[in-house]
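S.K.: Below are the chains, spelled out letter by letter.
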Amino acid sequence: MSATQLNSLPVDSSSSPILDSLPNPSVADGICPRRAQTQIDLMLLAIEALELGGSEAILLVAEEIGVQDIIKDRVTLWRLRNTNPLRRYYQRRSLSFTEAKALVLVGCNLARRLTVLIRQLLLAHQQLAEKDLSADHHFRLADYLERFRAHFRSRMNPRRSAVMAYQSDESLNQLALFLLTQLLFCTGTYGAQRYWTSLFDGEVA
Amino acid sequence: MTIQRQYSLPNCTLVLEGMGDTLTVSPSSGRPPLSMLFNAECYFSGLEKPLTGGRDFLESLVTAVSQYAQEVLSGMSGQRSQPGEATMVQLQRLNADRHRLVVKPPGTPAEVELNTVQLFDLVEAVDQMLADTQTLPDLALKLRPLSRRQVTRTEPATRQILPAAIGASSLAVAAAALFAIPTPQIKEPETLYPRPGATSTTAPSSSTSPQAGASPGSSPKPTVSPGASPSTSPDVSQLETILTATSEIKDSQDVAKLGESLREKIAQKWTKSPISKDLVYRLGVNRQGAIIGYKPVNPDAAINARETPLLDLLDLKAASAHNPTEPIAQYKVVFTPSGNLDVSPWGEVAASVQNKGPEITDSAAIKTLQPKLYDQIDKAWKEKPVFKESLTFRVRVSSNGSILSYRPEGKAAIDYGTGTPLPNLGSLEAEGNVPPKGNFALFKVVFKPDGKLEVSPWRGQQP
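Protein chains in written order, with my numbering: chain A, 1 to 205; chain B, 1 to 463.
Since the hints were made in silico from the structure, they are not lab data.
Yeah, the Cβ is synthetic: ideal placement off N, Cα and C, and Gly gets one too.
Heads up, a few of these hints could be off.
What the hints assert, rightly or not - No more than 25 Å apart at the CA atoms, straight line, and that leaves these computed lysine-lysine pairs for BS3-like: (1) A:Lys72 with B:Lys272; (2) B:Lys269 with A:Lys72; (3) A:Lys72 with B:Lys388.
Said to hold, decoys possible - Per the computed footprint, the stretches of chain A lying under chain B, defined by three or more beta-carbons under 8 Å from a beta-carbon of chain B, are: (4) 45-58; (5) 91-99; (6) 172-183.
Unchecked claim - Just the calculated beta-carbon pair ranges, DEER-fashion: (7) B:Pro105 with A:Ala162: 42 to 52 Å; (8) A:Asp132 with B:Lys269: 46 to 56 Å; (9) A:Ser168 with B:Gln92: 23 to 33 Å; (10) B:Met36 with A:Ala165: 51 to 61 Å; (11) A:Ser168 with B:Asn95: 14 to 24 Å; (12) B:Pro423 with A:Gln167: 15 to 25 Å; (13) B:Lys142 with A:Gln91: 32 to 42 Å; (14) A:Ala162 with B:Pro299: 20 to 30 Å; (15) B:Thr87 with A:Glu170: 32 to 42 Å; (16) A:Arg92 with B:Ala140: 33 to 43 Å; (17) B:Pro423 with A:Gln91: 36 to 46 Å; (18) B:Ala364 with A:Lys72: 26 to 36 Å.
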């Protein structure tokens, strides 16, 4: 077997020290649960709604933190993200821990860079809610929600019941705000560890 | 010697006082470890007195905060604490945005209501303390996912994706007194791109974005507003501000040349993945031909941006290095479901929409003119095509359907234009030509190498 063939095999997590900052949870089969796959994709979707050119940024950061062997290019990223069962182009495969960790670390890294904006939007939402005002009163927040709704609707499979639950603008806004809260927690010192662990709540024996 | 450690965030500051273990203090280490705690204080902005206590209080705070953070993240609650763990400090969820921190006896009883950002600052202060190896090294981050059995309650919608509906939000804790400790700024993360400066500057730009063939009332001419975006290197999300905040390249030859290379650049990359409607964008290009900003003009364009190569072609480096005083050229770029690509100078689009006088945009009139034009050209086109790629022209038609003038779009159309019947039917629009007087309608005419002819309204199909 030639060396090039070896290179195309899945990368072992031990080869990338940054991935070892996240532990392997003891879930059955050693693969990511569906909920984790959904959550990771949605987290990245929220980042894309926050930042124009988000998917470009994902690839840049992947290279910066040294996981470009796992998230090689646009096509690979597309395939990894389409492990989310809610997607229109669901790939019917699971994320390996290595792949999931790489995506989570990239997402948390991007969230950290967007800290100021994330805090601004959450505070704005809070202040508007106190005054009983809609998000339309804050341009940047309304913009984020609108973009998120558009991304979600264009990429998720409307025939799936989990997606059908998000038909209204209001329900999608709530999802967008929940994801924004998750992103805030991802910006912290142990953000990646906390987020990663939360993906397996209720999944371990 | 007493050692004090402080972990400060905008809404929360954790202050620890204690002393080092004399056995482990080596004179060489600059920062002695705090290994024995006397007192811990937790200050919140808007709360007069800090929450305070000893080692038990701190341990209980760390456990409660850490576990509650996980609950917020996953939307699942359950028995996270180990039997025997201190429960002096507890956190309760009031609604999606509000959380209550309670200290119970034997601690000094207290209650604080926190919003999500305040809660996060508390979590972060605790995590910074845990990550600090020189402070209470025996305390460390302990994270474990809930087991299947431990999950006692899943917020209803989390079974699908997320927590339940946000309830009515209660009032924030009254900011009674000034925060006792000066709060240092939150650590500014190095951003991938310089952070968005004046985010609201994008607001006006959306109102100036014209639809193709917009109503006469709108004024789609981009306003040049110096100083609207003072940052010389805008955030990617701010790219559209470039479009409104910079001056334009005036020389029409330059604009034409840049437009030509822009069209080729996009055409090369466009995979023509299926789209159902015209996608219309407004693009900004610098003198070097780099795409430094774009903005979807119609809703479909916003949703389907990734069906186009624009994201790939966007030159992030050039965009962040763009100086607002440097003029740019702007184009209207239309991707059509039939696989056509239109690139035209934005100023021209804007101008022709503005001086609406002569141009016919009424869709009924366009519909009657379209077949007339098709028939004229179809009948006159007798030569077998020698060209290998489609030739696109913009054709100006008078209100009675006769061809007034035409303009080649793209290199192929320029080179092979004489192989079409157009030169016999109308005049070539060249630089400096006075456009023909009278009402006119614009059409896109495409000659295909296989002999097919396509005629469509230049401004796209109107609804």
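S.K.: Each hint needs a verdict: does it hold in this structure or not?
M.R.: Comparing the hints with the structure gives:
1. A:Lys72 with B:Lys272: Within the cut-off at roughly 23 Å; holds.
2. B:Lys269 with A:Lys72: Within the cut-off at roughly 19 Å; holds.
3. A:Lys72 with B:Lys388: 36 Å, violated
4. 45-58: Held - the region 45-58 of chain A has 7 residues with a Cβ nearer than 8 Å to chain B, which meets the minimum of three.
5. 91-99: violated (count 0)
6. 172-183: The restraint on the region 172-183 of chain A holds, since 7 of its residues have a Cβ under 8 Å from chain B and three suffice.
7. B:Pro105 with A:Ala162: 42 to 52 Å: 45 Å, holds
8. A:Asp132 with B:Lys269: 46 to 56 Å: For B:Lys269 against A:Asp132, whose Cβ atoms are near 47 Å apart, the range 46 to 56 Å holds.
9. A:Ser168 with B:Gln92: 23 to 33 Å: 29 Å, holds
10. B:Met36 with A:Ala165: 51 to 61 Å: 53 Å, holds
11. A:Ser168 with B:Asn95: 14 to 24 Å: Holds, since A:Ser168 and B:Asn95 (Cβ atoms, about 19 Å apart) stay within the stated range.
12. B:Pro423 with A:Gln167: 15 to 25 Å: For B:Pro423 and A:Gln167 the Cβ distance comes to about 55 Å; the hint is violated.
13. B:Lys142 with A:Gln91: 32 to 42 Å: 35 Å, holds
14. A:Ala162 with B:Pro299: 20 to 30 Å: For A:Ala162 and B:Pro299 the Cβ distance comes to about 25 Å; the hint holds.
15. B:Thr87 with A:Glu170: 32 to 42 Å: 37 Å, holds
16. A:Arg92 with B:Ala140: 33 to 43 Å: 40 Å, holds
17. B:Pro423 with A:Gln91: 36 to 46 Å: Check failed, 53 Å falls outside 36 to 46 Å.
18. B:Ala364 with A:Lys72: 26 to 36 Å: 52 Å, violated
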